[in-house]
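J.: Line order of the protein sequences matches chains A and B. The first sequence begins at 1 in the working numbering and counts up one residue at a time. The second sequence begins at 159 in the working numbering and counts up one residue at a time.
Just so you know, these hints were derived from the structure itself, not from any lab. Computed from a predicted structure; not experimentally measured. We put the beta carbon where it would ideally sit given N, CA and C, even for glycine. Keep in mind that a hint or two might mislead.
Simulated coverage check for chain B against chain A, where a stretch passes if three residues somewhere in it have a Cβ under 8 Å from a Cβ of chain A [claimed, not checked]:
#: 1; stretch: 163-173
#: 2; stretch: 250-262
Simulated crosslink set (BS3-like; lysine-lysine; CA at most 25 Å straight-line) [to be verified]:
#: 3; chain 1: B; residue 1: K248; chain 2: B; residue 2: K266
#: 4; chain 1: A; residue 1: K60; chain 2: B; residue 2: K240
#: 5; chain 1: B; residue 1: K180; chain 2: A; residue 2: K59
#: 6; chain 1: A; residue 1: K147; chain 2: B; residue 2: K180
#: 7; chain 1: B; residue 1: K167; chain 2: A; residue 2: K64
#: 8; chain 1: B; residue 1: K169; chain 2: B; residue 2: K268
#: 9; chain 1: B; residue 1: K174; chain 2: A; residue 2: K64
#: 10; chain 1: A; residue 1: K60; chain 2: B; residue 2: K180
#: 11; chain 1: B; residue 1: K240; chain 2: B; residue 2: K174
#: 12; chain 1: B; residue 1: K180; chain 2: A; residue 2: K64
#: 13; chain 1: A; residue 1: K64; chain 2: A; residue 2: K100
#: 14; chain 1: B; residue 1: K174; chain 2: B; residue 2: K201
#: 15; chain 1: B; residue 1: K169; chain 2: B; residue 2: K263
#: 16; chain 1: A; residue 1: K64; chain 2: B; residue 2: K169
#: 17; chain 1: A; residue 1: K53; chain 2: A; residue 2: K147
Derived CB-CB ranges, DEER-like [stated by the list, open to error]:
#: 18; chain 1: B; residue 1: T236; chain 2: A; residue 2: D89; range: 20 to 28 Å
#: 19; chain 1: B; residue 1: S175; chain 2: A; residue 2: E142; range: 42 to 50 Å
#: 20; chain 1: B; residue 1: K266; chain 2: A; residue 2: D89; range: 29 to 37 Å
#: 21; chain 1: A; residue 1: E67; chain 2: B; residue 2: G192; range: 28 to 36 Å
#: 22; chain 1: A; residue 1: A54; chain 2: B; residue 2: K198; range: 44 to 52 Å
#: 23; chain 1: A; residue 1: E67; chain 2: B; residue 2: A244; range: 27 to 35 Å
#: 24; chain 1: A; residue 1: T86; chain 2: B; residue 2: A243; range: 29 to 37 Å
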Amino acid sequence: MQRRSFLQRIGLAAAATAATATLTPQSLLAAEAPKGPNTMDIDAALKAITGGKAVTPSKKVHLKAPEIAENGAVVPVTIEVDSPMTPDDYVKAIHVFATKNSNVRCADIMLTPANGAAMFATRIKLGSSQDVLVVAETSTGEFLSAKQSVKVTIGGCG
Amino acid sequence: MAERKSLIKIKPKKFKSGDVVKVNFMVMHPMETGMRKDKKSGKIVPADYITEVKFFFNDTPFTTMQVWESVSTNPVFTINFKVPAAGTLKVVYKTNTGEVQEKSKKLKPKG
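Excised from the complex, chain B in its bound form (with noise of 0.2 Å):
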């Protein structure tokens, strides 16, 4: 499947090593239940939800979400996170028509 639009954004954008700040994770998706019936067709949609969203720092997991339907659709994720030292967070996230998809961004501490 096409790569979902997918962006990590890091509050605030300035920051020192040691500190805490607020890792923001949005992805467009369209997180249907299964449960919604289609206005035109009257079909059932069929459901199309994350179910596991994982962190990972330098490629060591430290935070791992279950994600069911009740989520909104094209969510945003939002944790904590102490920045140790430069380096890359990636985010994994898994669907449950077995879709997997991956965004990274680099950390660059000032100071």
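Excised from the complex, chain A in its bound form (with noise of 0.2 Å):
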């Protein structure tokens, strides 16, 4: 965790100059997102993330996946979360969640203000059908999500 300390420290210098210095996007990227163990279901997942917080469901965050996936090594998967990006108010990460692969996290997206827009699009693999969910982090330490259920014809794992 040598890495991770390393990133506190300049954290913390970051920190020390932003109250004279104006904001900038390094300042306001957020910190490393909690890493856990490779495999872990979808609670244990949520909560390394959350730190225990409420998961709420919103209209704010808007998740586009086919309802049915003839290939499931390739699902496209688009999400936009409405935000103005201010440095006051922002969406500061995104997290992508396939809850039932072995490893059900897919992507965590940390934003700053510079994206001018919360988006994120890829292509996931989804071993079978299952629902895939997205978690938005807002600067206000609200936490959004949005779901949606996936058919998969074809599994996408091994």
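Could you use the hints to bring the two separately framed chains together as a complex?
T.: Laid out in structure tokens, this is it:
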């Protein structure tokens, strides 16, 4: 964990200077996401990220995924979060989970106001038919989520 | 290790400073989960996947991603970026095998 302590030190230095200096994207970039073990169930993964805080389903989070995916190896996922993306109010992080994969965590994206809009798109693998869960963390400390079930005809793992 | 093919695409192609553009980062990478068996030899293919992707603008990081095995083969990562002025966009990624690669692209906003 040398790297983490190094990052924390940088964070402290940035916080000390932030009072006088203007806000830079670097100082607003969320610290490294909590790294859990590779394989864990969805509840443990959520707890590692939220620290036990409540996750509320919200209409602000738009998750676009196909209802039926013929090939589980390439499932396109697009996430958009309604946010002004100003230094006071922005989306800090977007977490993507596949609830029934052997590793439920897909990606954690740490954003800054420099992004202009909170959006992330990629293609993920789904082992079987399951829910795709997205949790967005705002700078005000809220956790908003969206969920969609995807039916998979051919599994994408193995 | 040899350099892997990667590509940064900006959409739309023409933009002004202050515009929000889509940044597409594509990598040719197998994203092996470490759970798949080779059909011929029957041995397990060792895990090889991207763990971290960092986006820099003029050497200032603005977006960091932690990526796991569940992302598809030859992944595409799309994010938005508000272009403040002309500069260099750089993407650095790391894999679980310790490989570090980078790719950069110059942004030239018009007007």
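J.: Would you mind marking each hint as holding or not holding in the structure?
T.: Each hint tested on the structure:
1. By the rule of at least three residues with a Cβ nearer than 8 Å to a Cβ of chain A, the coverage given for the stretch 163-173 of chain B is violated, with 0 such residues.
2. Requiring three or more residues with a Cβ within less than 8 Å of a Cβ of chain A, the coverage given for the stretch 250-262 of chain B is violated, as only 0 such residues are present.
3. In summary, the hint linking K248 of chain B to K266 of chain B is supported, as the alpha carbons are separated by about 14 Å, within the 25 Å threshold.
4. As the CA atoms of K60 of chain A and K240 of chain B are separated by approximately 21 Å, the hinted pair is consistent with the 25 Å bound.
5. Taking the CA atoms of K180 of chain B and K59 of chain A, the gap is about 23 Å. The hint holds against a cut of 25 Å.
6. The straight-line distance between the Cα atoms of K147 of chain A and K180 of chain B is roughly 24 Å, inside the 25 Å bound, and the hint therefore holds.
7. For the suggested pair K167 of chain B and K64 of chain A, the alpha carbons sit about 21 Å apart, so the restraint of at most 25 Å is met.
8. Pair hint K169 of chain B plus K268 of chain B holds up; C-alpha atoms about 14 Å apart against a cutoff of 25 Å.
9. The hinted pair formed by K174 of chain B and K64 of chain A fails the criterion: a straight-line CA distance of about 28 Å is larger than 25 Å.
10. With a CA separation close to 20 Å, the supplied pair K60 of chain A and K180 of chain B stays within the 25 Å bound.
11. Among the hinted pairs, K240 of chain B with K174 of chain B is consistent with the structure: their alpha-carbon atoms are about 10 Å apart, no more than 25 Å.
12. At most 25 Å may separate the alpha-carbon atoms for a hinted pair to count; K180 of chain B and K64 of chain A meet this at roughly 17 Å.
13. This hinted pair checks out: K64 of chain A and K100 of chain A have alpha carbons roughly 18 Å apart, not beyond 25 Å.
14. Of the pairs offered as hints, the one joining K174 of chain B and K201 of chain B is violated, with about 52 Å between alpha carbons and a cut-off of 25 Å exceeded.
15. With a CA separation close to 13 Å, the supplied pair K169 of chain B and K263 of chain B stays within the 25 Å bound.
16. Taking the CA atoms of K64 of chain A and K169 of chain B, the gap is about 19 Å. The hint holds against a cut of 25 Å.
17. A threshold of 25 Å between alpha carbons decides the hint, and for K53 of chain A with K147 of chain A the separation of about 18 Å falls inside it, so the pair holds.
18. Distance hint check for T236 of chain B and D89 of chain A: the Cβ-Cβ separation is about 23 Å, which falls inside the suggested range of 20 to 28 Å.
19. Separated by about 32 Å at the C-beta atoms, S175 of chain B and E142 of chain A break the suggested range of 42 to 50 Å.
20. Under the hint 29 to 37 Å, the C-beta atoms of K266 of chain B and D89 of chain A, about 31 Å apart, fit the expected range.
21. Remark: the range hint 28 to 36 Å for E67 of chain A to G192 of chain B is upheld by a beta-carbon distance near 30 Å.
22. For A54 of chain A paired with K198 of chain B, a C-beta distance near 50 Å keeps the hint of 44 to 52 Å intact.
23. Separated by about 42 Å at the C-beta atoms, E67 of chain A and A244 of chain B break the suggested range of 27 to 35 Å.
24. Between T86 of chain A and A243 of chain B the CB atoms are about 19 Å apart, so this pair departs from the stated range of 29 to 37 Å.
Taken one by one, the earlier hints fail for this structure at numbers 1, 2, 9, 14, 19, 23 and 24, listed in ascending order.
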